[in-house]
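Protein chains in written order, with numbering that gives the first Met the number 0: chain A, 0 to 805; chain B, 0 to 338.
Worth flagging that the hints you see were computed from the coordinates, not collected in a lab.
Beta carbons are placed, not taken as given, at the ideal position from N, Cα and C, and that holds for glycine.
Take these hints with a grain of salt, some might be off.
[As the list claims (entries may be wrong)] So the derived list for chain B, only partly shown, Cβ under 7 Å to chain A, looks like this:
id	residue
1	Ile117
2	Thr119
3	Gly128
4	Pro129
5	Phe135
[Unchecked claim] Per the computed footprint, the stretches of chain A lying under chain B, defined by three or more beta-carbons under 8 Å from a beta-carbon of chain B, are:
id	segment
6	24-31
7	376-386
8	511-522
9	542-555
[To be verified] Here are the simulated PhoX-like pairs of lysine-lysine, each with C-alpha atoms no more than 20 Å apart in a straight line:
id	chain 1	residue 1	chain 2	residue 2
10	A	Lys74	A	Lys52
11	A	Lys608	B	Lys41
12	B	Lys4	A	Lys414
13	A	Lys414	B	Lys299
14	B	Lys299	B	Lys272
Each chain, letter by letter, is given below.
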Amino acid sequence: MKLAWSWLQNYTPLTATCDEVSQALTALGIEVEGIEKPASAMNGVFVGLITNKCKHPQADKLSLLSVDIGSNSQKHLNIVCGAQNMQAGDKIALATIGTTLANGLTLKRGNIRGKLSEGMCCSEAELGIADEADGILILPQDSDIGTPLAEVLQAEQAVFDLSITPNRGDCMSMHGLARELAAWFNLPLSTPIMPDINITDDVADIAIDIRAEKACPKYLGRRIDGVNIGQSPKWMQQRLLAMGMRPINAVVDVMNYIMLELGQPMHSFDAAKVEKICVRHANAGEVLHALDGRDINLQTSDLVISDANAVDSANILALAGVMGSEDSGVTAATQSILLESAVFDAATVCRAARRTGMVTEASMRFERGIDANLTELALQRATSLIIEFCGGRAGKVCHAETAAKQSKRVISMPKNLVEHRLGVNVPETNNAVLKRMGFIFESVEATDNNQQHVNIHIPTWRHDVRQAEDMVEEYARVFGYDNIPAVLPQRCMRAAQPQTHNNYCLHVAVSGGFLQVITYAFISEKMQRLFVAESELDVVVANPISETMSIMRRSLWSGMLQTAAHNINRGQRNLSLVEQGRSYAKSKTKDAACIENDVLAWLMCGQNKSSTWHDTAKDIDFFSLKGVLEDWFAKVGLTPRFIAADNIIGLQTGQAANIVLGKQYIGCIGRVDAKAAASLAVDIPVFVAEVQLGRIPVSKHKRFIHLPEFPAMERDLVFALPAQTSCESLLQQARKAANKVARKLLEDVSLFDRYSDKSLLDQGQISMGIRLSFRASGRTLTQQEVDAASDAVIKSIADTLGGSLR
Amino acid sequence: MQLQKLQNEALQAYAVADSSGSLQQQQLNYTGKKGALTALLKHLGKLPATERPLAGKHVNEVKKTLAQASKQAQERLQEEEETRRVIREKVDISLPGKRSNSGALHPIQAGLDEICAIFTGMGFDIAEGPEIEDEFHNFDALNIPPEHPARAMHDTFFVEGGQHLLRTHTSPVQIRSMQNGTPPLAIVAPGRVFRCDHDVSHSPMFHQVEVFMVDQKVTMAELKGVLKHFLSTYFGRDLDLRMRPSYFPFTEPSCEVDISCVLCSGKGCPVCKRTGWLEVLGSGMIHPNVLSSVDIDPQKWSGFAFGLGVERLVMLKQGIPDLRIFFENDVRFLRRLGA
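Required output: the full structure, derived from the provided sequences and hints.
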């Protein structure tokens, strides 16, 4: 929404500066997105008369001009000009030396191919009044030489670009904005001039039939015969242009002008094409051939203006409040017109405009709600302007009003509510501003619960003020938000938990040397299928931005693998990434419900670090990531088991495992399989893991235990074992055997070496070394106890696993 | 005389010994079993008894002196040896250190954590809610009826087949918290939100933090106090705050909150579009219709609420020019700006 300075001045005599008005608008809740100053862009540009024109001796395409700009010196300015469209005797816009043009160029005295140039003849583009121009601007002959161009063109001093919030339909007009500013600056407010209109009896009435009472509470129509439609006057065209609208013809321009002036959208029909007005909901199958050339298929919820109720014989004249039809519109040839000034239901217009994608100036006003009292005023004003510009004879106003007259809204507000809500006492003096905005105050003696109330009559244009809290905002606005003090709450606050479970889990992972990534929650179908086979449980976005963001991820790995590929392509191959986020799936049991799971996921690839002067880098493998997870689990106080799994989608068989806590699955780990890696052209081994955070216990406070007082004894045993023996089975067997012999003395058993060479391999064997650690609480162990346990382990490994001590 | 000469010789020999080995050899030469002094001592018995005490005394003095000298020489040698060791072990301290890989939180996460910490420090509890929401929690309960123009402004992503959508803001957590709890409530709700918009300044997924308080007679002055405290703490300096009347369906009165530009200190720069102000969040007093929608009596309770965009705050604080870089997750960016 634009606001033109000169137009504002028509209603209230503003003396404030541009910046002051801008601040006032901001304080009133109207956001100023920008201010254009077309007039100041023309500073230094004057009307000039070309007194002489000849060819530049050195350049075919250049002309030498003498230009009189009426300065005191008799000397005319010498101008070298490249345009072709001017003759001696033309009046042009001459920018003098020192002028800064709209494109930011500042003119200097120049020498063009040996000829002095003391200024420049401007085109409309150079003046910033058109996007492009063909040749320089030729001014009307009656322009006075030496007059500043801004005066001749009646350029606006300022045009504000405003953002009007959806609740303030009343500010979608010059008059509405003037009302706010006049109230703020305590200035008088005048209404547009409204001359009497002579009504001609021989102009036919229009039959108005409203069949959709809720959607159209009020419809006024008037016929004007014998119009001669030409261009609207220059001043009106300029205002429309300043407001960003294109002049069409005198009638259409008046419709737009009234809408901008008063906020009442209007429409004009060619009366020859309209027999009667039927306001009704559309029937299925009906089509609007819209003004913009599109065919709109209508729905039964749409409100239309038609010339008949019967479907087969009806022409759709307009989608009410949105756009008219192509053939019923007013053209230069139209002789009789039909004006519409109506109230359409906000929700109905909003729905139709959004669905059809035709968000028009009219629909934006209707959907914010318009003042029902404006319809008459707007129709009268439009009639008088059209008769002034086009002649013609006006018929009488034909009127249809279905709903009961808009009842006056009165809000009863407890007197202390404003202070309770704002935390500051707003002095009564602010009522004066509200009164100027149209609110009427009425003190009420009667009290309810000893609370003093005030009755406030709400002006008809303020659809947004519906309850007492809305009045609180009005008070706050005129009092000034800046005048509200800043006070810290002095309330009994509870001691809050500073961190969530998920956040704690993430922090532990990051402290393990991982970079946290945040990837999109939606991915492509192709990425989804890398790690989740079946698609029935996918949560699909109905209106995605693109296919690559169309399905809610069921595994974080998809996005992380893409991130890895992105980095690998940029030479960053050593990656340790972690992400904490949700995976999404449809519920298997409940219809339509979606399940969100909190997941922590890891990805590693490349080398553990770059090679340095003191250390060589090692390739990341399965155990690099497994170790990371073991560290992570140790920190959060859990000891889960890793169980080999061959059927995890997207992971390579033989390098994948489920992670199990007790009997519950809590996550998995493995190497991304060749197919998934290849789909992103990743050419190095990538390892991933994930843990379902919802399935692991909330970390409890760790408890103190006494540090051991007596020393431990260790025994290292190295076995030659069948090659397929798993580490886990060896440790388990050792633990079992030691515990049998020396109850409660075995503190730990761990693998310290794993080795194979050719001679071992030839025998189908590998070597594994385990370290048994024994400790008794409260005494020192004896050699015999430990030896007995070790012997038992050696025997048991030999018996059960076929291992021999090396 | 012979004794004196021996002492001088020995002292000289000890002084020039250049290693503990040669010192040891010299010690043996003089005071060892077959040493010169030992020989003299043996010779002592042959002296007349009257001379013996004096001679013995002299010999003992020499012995003592030599022992002293030997100790000094030893210390000197140790010192020299230490000096040599230190020189030998000198390193080029300009060589790079042995670093371990250190991790980092994503800048957005660090921002979220920092924001939440400020509020938990003030006594606000953290709450979270679903990212796939229903229309009631995302719109209806927040006083945004189906045909409301504000609903169209939200650019909602819908989920196929059903009534679900991707939440467009974290305000549904406000509704859920009020449904699950009873006032007084003070909640900070961080989370991911989604809007159907993708360009330099919009990401289809971004992060918000919703903050609200419901109690008896909560005032706008308190809202302003909490905002000022939060923003000044987050940006680490006392900031000017500007509240502008605005419109959100779920608050009344509503206000946009601007801070004096953190880049130009309010003088005007391209980031603040030369206004000196930066729009950072929307806020207001919770609309009575919102309280009523979750059966909280608006006559008795009131509250404030605000929602802030985490990306924007982080961008302002760390001077990040483009929103999209957050989700590219380039590790060079994460290492440099992560925390």
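How the hints compare with the structure:
| no. | hint | result |
| --- | --- | --- |
| 1 | Ile117 | violated (11 Å) |
| 2 | Thr119 | holds (4 Å) |
| 3 | Gly128 | violated (10 Å) |
| 4 | Pro129 | holds (6 Å) |
| 5 | Phe135 | violated (14 Å) |
| 6 | 24-31 | holds (count 5) |
| 7 | 376-386 | violated (count 0) |
| 8 | 511-522 | holds (count 11) |
| 9 | 542-555 | holds (count 5) |
| 10 | Lys74/A <-> Lys52/A | holds (15 Å) |
| 11 | Lys608/A <-> Lys41/B | violated (72 Å) |
| 12 | Lys4/B <-> Lys414/A | violated (119 Å) |
| 13 | Lys414/A <-> Lys299/B | holds (16 Å) |
| 14 | Lys299/B <-> Lys272/B | violated (43 Å) |
The structure fails to meet hints 1, 3, 5, 7, 11, 12, 14 from the earlier list, while all remaining hints are met.
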